[in-house]
Amino acid sequence: MTRFSALSLFTKAFGGHQNWPEQWPDAAPKPAYDAIIVGGGGHGLGAAYYLAKKYGINNVAVLEKGWIGGGNTGRNTTIIRSNYLYDESAHLYDHAVKLWDGLSQELNYNIMYSKRGVMMLAHNVHDVQSLQRHINANRLNGVDNEWLTPEQAKAYCPPLNISPDARHPVLGAALQRRGGTARHDSVAWGYARAAAAMGVDIIQNCAVTGIRRGANGAVEGVETTRGYIASKRVGVSAAGNTSVVMQMAGLDFPLESYPLQALVSEPIKPTFPCVVMSNTVHAYMSQSDKGELVIGAGTDQYVSYSQRGALHIVEHTLAAICEIFPIYRRMRMLRTWGGIVDVTPDRSPILGKTPVKGLYVNCGWGTGGFKATPGAGDLLAYTMAKDEPHSINAPFNLDRFRNGRFIDEAAAAAVAH
Amino acid sequence: MILIHCPYCDEKRPEIEFANAGQAHIARPLDPAGQSDADWEAYLFIRANPRGRHHERWRHVHGCGRFFNAVRDTVTDKFETTYKAGEPRR
Amino acid sequence: MSGFRLETGGRIDRSQPVTFSFDGKAYQGFAGDTLASALLANGVMLFGRSFKYHRPRGLVAAGSEEPNALISVHRGPGRFTPNLRATGVEIHNGLKAFSQNRWPSLAMDFGAINDRLGMFFPAGFYNKTFMWPRSFWDRVYEPAIRKMAGLGDAPTAEDPDVYASTYAHCDLLIIGAGPAGIDAALGAMDSNKRIVLIDEQDELGGGALADPALWPWLERSVKALTEATNVTILTRTTAFGFYHDNFIGAVQRLTDHLPNVTDTPREKLWRIRAGEVVLAQGAIERPLVFDGNDTPGVMLSSAARVFANRYGVAVGKALTLMASHDSGWHDVFALAKAGVGISAIIDVRKSVDSALLHAAERLGIKVYLNHGVVGVNGRHNVSSVEICDYSDQRVHRINCDALLMAGGWTPSVHLWSHSKGSLKWRDDLGAYVPDVPNENVRCIGGCFGDWDFGTGAVIDVLPTPKDQSRIKAFVDYQNDVTAKDIKLAVREGFRSIEHIKRYTTNGMATDQGKTSNLNGLQIASSALNKPVPDIGLTSFRPPYTPQTFGALAGHAKGALFQPTRTTNIDSWAQAHGAVFELVAQWRRARYFPKAGEDMHAAVNRECVAVRSSVGIFDASTLGKIEVVGPDAAEFLNRMYTNPWKALEPGRCRYGLLLKEDGFITDDGVSARLAPDRFHLTTTTGGAARVLNMMEDYLQTEWPDLDVWLTSTTEQYAVIALQGPNARKVLEPLVEGIDLSAEAFPHMAIREGTICGIETRLFRVSFTGELGFEINVPTAYGRFIWERLMAQGAQYDITAYGTEAMHVLRAEKGFIIVGQDTDGTVTPFDAGLDWAVGKKKPDFVGKRSMARPDIVAPGRKQLVGLLTDDPNVVLEEGAQIVAYPNQPIPMTMIGHVTSSYWSETLGRSIAMALVAGGHDMMGDTLYIPMPGKTHTAKVSGTVFYDLEGARLHV
Amino acid sequence: MSDTLIRHEPVSDVPFVADGVRISLAPPMQRHALRARNAEDLERLLKVKLPRNIGASEGGIMCLGPDEWYLRSEAGAAIPKGEGLHLAVTNVSERSICLVIEGPRASEILMAGCPLDLDQFAVGRATRTIYETVEIIILREAEDRFHVEVWRSFSAWLWTAMTTAARH
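Chains as they are written, first to last, in this note's numbering: chain H, 26 to 442; chain L, 100 to 189; chain U, 215 to 1167; chain Y, 250 to 417.
These are calculated hints, taken from the structure and not from any lab test. Errors might be hidden in some of the hints.
To be verified - Here chain H is said to cover these stretches of chain U; the calculated rule only asks that three of the stretch's residues, wherever they fall, bring their Cβ under 8 Å from a Cβ of chain H: (1) 362-371; (2) 454-464; (3) 772-785.
Unchecked claim - Sample of chain Y residues at the chain L side, in silico, Cβ under 7 Å: (4) G314; (5) P364; (6) G373; (7) R377; (8) T378.
Note that CB positions come from ideal geometry on N, CA and C, so glycine has one too.
Input sequences plus hints: build the corresponding full structure.
Encoded structure:
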């Protein structure tokens, strides 16, 4: 693997950039692997990378039905934060944030992790109570999250409207300074390149059509559009399509998949210094390195795989944005798109073993999977390598829906992920 | 904004008059106490979430107020049919 | 100076000169000019700087596909708009336009250094560097990258303009009013169909506007359509998105073209539901890809024709055409006819239709077949071009001041694709055309690939003897994506067109790739050595062209953003200086400060008044549901945890509602008015949710029950009269109800009149004092309130708000669902076992309460907390630990849900959810806060009048 | 004491008038939600004829759902409760107010926020629907006159929304 650096860029420039090698080879499936990851998003590619890097399993294939990073990895608003309420969530997401830090250097691929800070707005007394509860819990969990007065919030994010006459006045905000954004495509590509360099096969345009199980019920391999591939370890990291894949193994899941839209404005010079989220008004926004305002909209109300959202969702989102940031009313929406988010009954992910031996799952991240990318990848890799969950992802098992041990951030605090 | 045929009003009405109510034909067990934890979990949480033909419930909440059932393709978002609550699965 | 105004021709009104400015310099144009045509007429060729290399750029197109000429418009405070296309800005007197992305000036831009260093910034360069030293990323590299990025400046002040929106319905929606669209409208005009005809330009005609021969027809047609009563014409309107079931979003621009700002809406959002949609959006000409194809003065030949015939502007005095398609020849002939000088026609093809050759000959235009442009001279304007004879690779120079490109045509299938209609590849056009529709929609004319200006060759990059790796042949002008960037992406293993797009950013600029996507596909296809259809097509995403946030938000601004619900008594609270809080959609009085009082002083006074005499509280926002029918009691018995069948008419009961998962979702006191009629109350925020949940069970699980639910939340204003003197205040005003303790005990309801108004009078208390809740028809709420205030004056009756209400209920240990419970709390956790009907075989949520983790020990349970220092009021949301001296992360065993200063008790009180709390009475727990760890003892949740004597007086 | 002194209405009693449209508050009236499996049960109780098709209205009674009717009557008219019968009569007289939208632009103003095709909405037809996010009941009283029933706490918002649309 050619090492990326200013120097290599400089020298290659004089060769007219003619001799850059492939960032990852376009592998064809081998008959068998020690481990297979279904789903070539950031989570799946990350899992393959950590399997090879940390757990010594290099004979790994990542099967992607389309092109890597083409699902939710390439369709989200790239928010990174870990200021979650429950210990389980805080530990899970903070594990990811710790891995984000330094990931560019580790992968030798600049994924542009920008610690611009994530600010969550409180618009009413209930919001204040719930954000205070977060801040206190985060503090004792060693997760940074601090309270800002409206004036402090305005100072941190000048476009913010803190007029007390606003329909939803800002009563304060919770700020996680380590939170921020990253360049979503680069995350997928960086993991792919680093994993491939360690022997992982990245196989695109290869859709899984079946999961073969042996007499004892354990996984033996997967049928794909490019033939049968054997492996006793299969990790499914297919986001919105998880239910479909799991049914191939005869498993029904507590999941529903909804369309989620996001949009960007035309690029403008730096104007928005951080990430702002408002769950009461239902809007969140940041500005990309390219200068676009990146805005997350809500989900549609019905199950859909069409990646096609409704206009009224966008109307409501932009009305909300214009209420919180009135200076942007003349800005223009450049592009909208839809993703498919898989949602569990408690809006927390499922990450661990399944009732089928050798079949592992990472799903249910809803609208918040990107921020967890390195953590989810690492924990899925750990669980597959040891055939048991890491203490961090142990609580995010399937059994909790049977036993009633929910990790329900939303119900607890009406905080959207 | 999809158009939804309300089987009670017998006309297509805009989506914002309706509230989706999740997967259809999941009847509440008559004897909840007699359910195993697994059965109860299935009733509460396990969903088909199919990529394709999907049975779901809608409520014409800002219309006639009725809950009803629908068959919709989740890939095209197109409705195959809608029918009144209590009518057999289609 | 190259561009100039022609003596005659064009649709501009030469009798109406218009004065405007660009970068501070005043210019003159005519009514009907766009900023682009007017500046061209003044010889301006340099319009902007490119995104990455800051290369000087001029116009490429004449329409909304323009990638280069992005400018900002200043229209006074709050009316700054960046990134507008000069080709779409209609000039008016006083228009102030500015170029972008340059410093200090458009002609002299320091950023252009990037161009010199361009070789170090290939596609994806940022992934490969800026990683060392690590700390530099946050502090040096990223800020620098961000500063370079972006196009126009950001708005800095609130936009004073208003925006409108509406729904509309029609039988036939025609999008695009070129010849095809107009013909479609004329054809349907005589039916009884409601027709809407939309076009993004300021007048109908589309391509016909650049073809004077069609103007008489156009005039007749527009007249006919304008007169037809069943045709609605929307100009300056862009259909930007095609959504489910023929639902189209369109934005109409109403005032930007007017010299004076008015108070009429700036733009209007049309949300159109159409029976049938006809797409007639035409096609967009494709540039050719060759070294220097971004030099100002290099533009689409169809654009040059539009400027000449529609605006009476020549883009130069000596034009050269570089063609691979016949259409360019026709353009050039039209230009010659309009009096524009043509120096040569160059065509990559070895042979073309002889008719074209003869026409060129007649006009005396020199023709070079089997030639191609391999270089362009001039930095801010074309001065000459190098052309190569492909037969012998010899290169020679042709002088010209503008170079026209005719690279073939791309049907505008954007909206078709939004609608999920499929596309098929046509090799002869080198383009995708509509195939199978997914909605009731059809494409006609140019966007169907159906045009009459001949054929052409499809090529990716013009052949050149130069070293391909050294030339700058642009594909995406705005994002500075060159052919070699796309080849680099392929070389680095990006094979899907989506990957190539994302890696190179080709087609991701504000023009959404209208002129670049197909060239990009062709180049990728040859680099990958695969036919175009095999490498896919990037998806078309709304909007077709960028649309303002304001238009999409429509009316929803300020007061109209979301309704603020107010009660009938709200106006009184406002008049009496209440401080309000927002609860769900409601606005509620939080406290009523007297002069000099802060919240705590006011709340203390209000609480003491209730405990010592009488207080009055507006409880109108409580949700109410009337449950009527023979099976009413049976239904409630199944819904709530409590038993209801034995409740006698005239009595009330506290009801606890769970979700089927066993967790508390709502509560409230409900009354039985008659054997078959109940008056339910719910929390303020829960009203709609609870009614929907009950309807759900009633309609789908128990349709056999004869019971009906009606929301009466807004039928009644509710006034809570609380305190030892409550009865004395009420007695003189009520008729038909014996208020004595014996006749009207706690938790009873009576119907009668108050001040002559019918009332449902509850004897209930959320304060622990003797209390009544007076329900009267909403319209009379304020009247009754004021009568009670008058009557209570002798007892110093005190209005109190939600904050005092919270303190008073907390002193009694009454919970607030959503504050003391949080969606993970069972009745047992909350200490509400008494409210669960033990004998009932079933109720909603019962089964879930038997799940392993719900019956397991160590669940968080609601308890009281008394701080060792009575003056310390804990923070709501503060976390609780058993051992204070643990390292981070600490093991948290619970959190404070409610915490107040109790003036009545002269100390602080709190409630908390604590793991195993019910077995911890008297234990000391710790609350670590920044700087100090507080200690508190676990107690019961009732802090005042434990035996409840005060309720029953 | 006269009613006007003791009633407080959420919107102005001064009509809004703009080019082609007039928006005004209807006088107080009685409103009842009628529910029953069989329309006959209600007809027997109320001695009136109920429209059978959803969307139909006659004699001040609108059919809003398969088992739901909305009765509007003059203030003071006696409406029996039907105690013990297999039906439900609930008094909701003061739950909502009625805005009268009239004039050639009436349907245009309504369609600014209501997604129904009111050009095709016959005179005499009534339905529950929505205006942006606010639930309403509309009755087309005449070609150019609509009655809009809206819950009181939403009526100020609706008034502003429709008068704003009318001004534009």
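Holds or violated: the stretch 454-464 of chain U covered by chain H, criterion of 3 or more residues with Cβ-Cβ distance under 8 Å? holds (count 5)
Can you tell me if the stretch 362-371 of chain U counts as covered by chain H, using C-beta to C-beta distances under 8 Å and a minimum of three residues? Result for this restraint: holds, n = 9.
Min Cβ distance, P364/Y to chain L: is it shorter than 7 Å? holds, 4 Å
Under a C-beta cut-off of less than 8 Å, do 3 or more residues of the stretch 772-785 of chain U approach chain H closely enough to confirm the stated coverage? With 5 residues close enough to chain H, the hint holds.
Restraint satisfaction for G373/Y [CB to CB of chain L, less than 7 Å]: Result: violated, 16 Å to nearest chain L Cβ.
With a cut-off of 7 Å on the beta carbons, see whether R377/Y makes it to chain L. Hint holds; R377/Y Cβ to chain L Cβ min 6 Å, cut 7 Å.
Is the shortest C-beta separation between T378/Y and chain L less than 7 Å? Since the shortest Cβ distance to chain L is 6 Å, the answer is holds.
Would you settle whether the hint for G314/Y is holds or violated, based on the nearest Cβ-Cβ distance to chain L being less than 7 Å? Hint holds; G314/Y Cβ to chain L Cβ min 4 Å, cut 7 Å.
In the structure shown, a violation is registered for the earlier hint numbered 6 alone.
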